[in-house]
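There are 2 protein chains.
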Amino acid sequence: MEKWRRSERMVAMTKFLLENPRQLFTLGYFSELFHSAKSSISEDLTIIRETLQAMGEGTLETIPGAAGGVKYIPISNPEKESEFLDNLSQRLADPQRILPGGYLYMTDIIYDSNIIAKLGNIFFTRFIQHEPDYIVTVETKGIPLALMTAKAFNKPLVIIRADSRVTEGSALSINYVSGSSKKIGTMSLARRALPTDSKVIIIDDFMKAGGTARGMVDLMKEFKAEVLGIGVLMDTLEPQEKLIDNYLGLLELVELDEKNKRVIIRKKVENHV
Amino acid sequence: MEKWRRSERMVAMTKFLLENPRQLFTLGYFSELFHSAKSSISEDLTIIRETLQAMGEGTLETIPGAAGGVKYIPISNPEKESEFLDNLSQRLADPQRILPGGYLYMTDIIYDSNIIAKLGNIFFTRFIQHEPDYIVTVETKGIPLALMTAKAFNKPLVIIRADSRVTEGSALSINYVSGSSKKIGTMSLARRALPTDSKVIIIDDFMKAGGTARGMVDLMKEFKAEVLGIGVLMDTLEPQEKLIDNYLGLLELVELDEKNKRVIIRKKVENHV
Chain A
74 MEKWRRSERM VAMTKFLLEN PRQLFTLGYF SELFHSAKSS ISEDLTIIRE
124 TLQAMGEGTL ETIPGAAGGV KYIPISNPEK ESEFLDNLSQ RLADPQRILP
174 GGYLYMTDII YDSNIIAKLG NIFFTRFIQH EPDYIVTVET KGIPLALMTA
224 KAFNKPLVII RADSRVTEGS ALSINYVSGS SKKIGTMSLA RRALPTDSKV
274 IIIDDFMKAG GTARGMVDLM KEFKAEVLGI GVLMDTLEPQ EKLIDNYLGL
324 LELVELDEKN KRVIIRKKVE NHV
Chain B
74 MEKWRRSERM VAMTKFLLEN PRQLFTLGYF SELFHSAKSS ISEDLTIIRE
124 TLQAMGEGTL ETIPGAAGGV KYIPISNPEK ESEFLDNLSQ RLADPQRILP
174 GGYLYMTDII YDSNIIAKLG NIFFTRFIQH EPDYIVTVET KGIPLALMTA
224 KAFNKPLVII RADSRVTEGS ALSINYVSGS SKKIGTMSLA RRALPTDSKV
274 IIIDDFMKAG GTARGMVDLM KEFKAEVLGI GVLMDTLEPQ EKLIDNYLGL
324 LELVELDEKN KRVIIRKKVE NHV
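From first to last, the protein sequence lines stand for chains A and B. Following the numbering used here, the numbering of the first sequence begins with 74 at its first residue and continues without gaps. Following the numbering used here, the numbering of the second sequence begins with 74 at its first residue and continues without gaps.
By construction, these hints were calculated from the structure, which means they are not laboratory data. We put the beta carbon where it would ideally sit given N, CA and C, even for glycine. Be a bit skeptical, because a hint or two may be false.
[Unchecked claim] With a cut-off of at most 20 Å between alpha-carbon atoms, the simulated SDA-like pairs for lysine to any residue come out as follows: (1) B:Lys88 - B:Gly138; (2) B:Lys144 - A:Phe89; (3) A:Lys88 - B:Ile146; (4) B:Lys255 - B:Tyr176; (5) B:Lys88 - A:Asn187; (6) A:Lys294 - A:Asp206; (7) A:Lys88 - B:Glu81; (8) A:Lys272 - A:His203; (9) B:Lys88 - B:Arg78; (10) A:Lys76 - B:Tyr176; (11) A:Lys76 - B:Lys255; (12) A:Lys88 - B:Glu116; (13) B:Lys76 - A:Ser80; (14) A:Lys88 - B:Lys255.
[To be verified] If you want the footprint, here are the derived chain A segments under chain B, 3+ residues with CB under 8 Å: (15) 79–85; (16) 223–235.
[Unchecked claim] Here are some chain B residues the structure puts well away from chain A; computed CB gaps all over 12 Å: (17) Leu97; (18) Gly138; (19) Lys294; (20) Glu299.
Generate the whole structure from the sequences, applying the supplied hints.
Structure representation (structure tokens):
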């Protein structure tokens with residue numbers, strides 16, 4: 074391909090931008106790549122922005138000036154988001170998901186790459202005012218969700234290990250008390266996994282009493298990290314008093330009645346952030 | 074937007090296709106969505122396919138007939154793939170990555186969403202002849218890689234737990250012997266996480282003697298699953314005799330000399346598959 078036609082540039086630029094969220098592409102870069110005038114590229118980008126906005130998912134941010142350019146922002150549309158979360162609540166509230174011990178089976182949902190890609194964009198959108206250096210989670214079930222959030226932010230993921238069998242050099246460990254079961258657990262993170270003074274957002278799949286989240290926050294203190302926000306896919310109505318104060322939950326498990334086979338889940342409208 | 078212009082359709086269709094790899098979109102679907110003739114949509118798709126191929130990443134597969142349509146196939150280009158793996162080998166062969174005990178620090182790489190998205194496409198491409206129902210891994214470090222492979226296949230991820238503290242209902246557990254350290258470990262998977270008679274591809278980050286992979290294969294037998302392939306990012310030259318015979322490794326750790334601070338990694342050209 075020598076000189077690219079607009080329709081071809083549209084495909085290529087959309088691919089570049091979508092696959093690299095929040096990465097700055099200069100007009101000069103695209104202009105050289107496609108052997109096209111900057112004015113044409115600029116028009117292209119307007120079409121891309123308007124189309125994305127009409128589709129209601131994502132937009133382009135233009136940074137003016139000599140060092141300027143354009144970035145894809147994977148922001149989610151409030152209406153689509155609301156509909157998606159309603160649908161998810163409904164799927165999760167299936168009584169067949171009740172497990173012995175009063176647990177809710179969620180792994181098929183939270184390991185589904187399409188669903189968690191959307192959830193990652195939702196967390197990104199809710200935390201859009203923040204500029205984290207890392208997205209942090211603790212193994213295991215929250216990892217896919219945290220990874221997709223990291224992808225939306227275009228930042229690396231950090232996974233805290235839920236024990237101390239860490240083979241990544243010197244590590245910092247803390248003990249924490251699971252708020253619901255009162256069991257003592259250990260979590261650890263290799264020193265080199267997170268530079269001191271980093272800004273982080275914590276993502277997890279589920280919160281009951283908040284003991285695990287509290288543990289993560291405490292471990293972050295050991296790394297002198299600033300926790301900008303905590304996001305969980307689902308929290309529980311009970312206990313109302315959580316071990317952490319400020320977090321953002323998308324869904325709330327209002328009731329899980331093992332005996333009467335009833336699950337009530339609602340989308341959280343008001344958030345603690 | 075009423076009638077969409079071609080340039081707008083290009084953006085929207087590229088987004089739909091890229092975000093849903095291997096999902097069939099019919100001409101009728103696009104035609105209705107964009108209020109455009111099927112003949113125009115068909116031309117659009119030709120432009121998208123040709124542009125993707127010129128970019129050397131991904132293509133469109135056309136399924137003819139009444140139930141036909143088009144799918145995005147995230148196939149990676151051999152040259153780009155080779156260059157990417159060379160670059161990755163070089164980054165990983167940094168002596169500063171040597172950890173006490175002769176381990177290699179890789180987590181910054183294998184938790185980087187951009188890198189593992191590319192690796193996921195590479196595994197997809199290497200296993201393109203297969204039609205897995207699930208991508209399977211064992212916690213923890215292989216999860217991001219397996220998730221991105223699952224995303225490329227557009228199939229769900231299944232995560233085997235490395236112990237038996239599974240709260241997902243009845244589970245199948247097996248003991249396995251780590252081939253390198255000779256330690257006995259347990260891995261388990263909830264019964265409902267994987268229907269019997271599924272076809273699976275196993276993905277992991279690292280293989281030394283192959284004990285963990287062997288354990289996964291054995292656990293899959295308990296689920297009557299057919300293992301179509303096993304992919305690991307990196308294996309080790311020693312021991313040459315692995316506990317499993319057929320697997321695909323992308324990189325090989327040829328030498329890790331803790332004393333002399335030397336790491337040699339090479340891209341594997343010949344594969345065991």
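Evaluated hints:
no.	hint	in the structure
1	B:Lys88 - B:Gly138	24 Å, violated
2	B:Lys144 - A:Phe89	19 Å, holds
3	A:Lys88 - B:Ile146	14 Å, holds
4	B:Lys255 - B:Tyr176	16 Å, holds
5	B:Lys88 - A:Asn187	14 Å, holds
6	A:Lys294 - A:Asp206	15 Å, holds
7	A:Lys88 - B:Glu81	14 Å, holds
8	A:Lys272 - A:His203	9 Å, holds
9	B:Lys88 - B:Arg78	16 Å, holds
10	A:Lys76 - B:Tyr176	49 Å, violated
11	A:Lys76 - B:Lys255	60 Å, violated
12	A:Lys88 - B:Glu116	19 Å, holds
13	B:Lys76 - A:Ser80	16 Å, holds
14	A:Lys88 - B:Lys255	47 Å, violated
15	79–85	holds (count 6)
16	223–235	holds (count 8)
17	Leu97	15 Å, holds
18	Gly138	25 Å, holds
19	Lys294	21 Å, holds
20	Glu299	20 Å, holds
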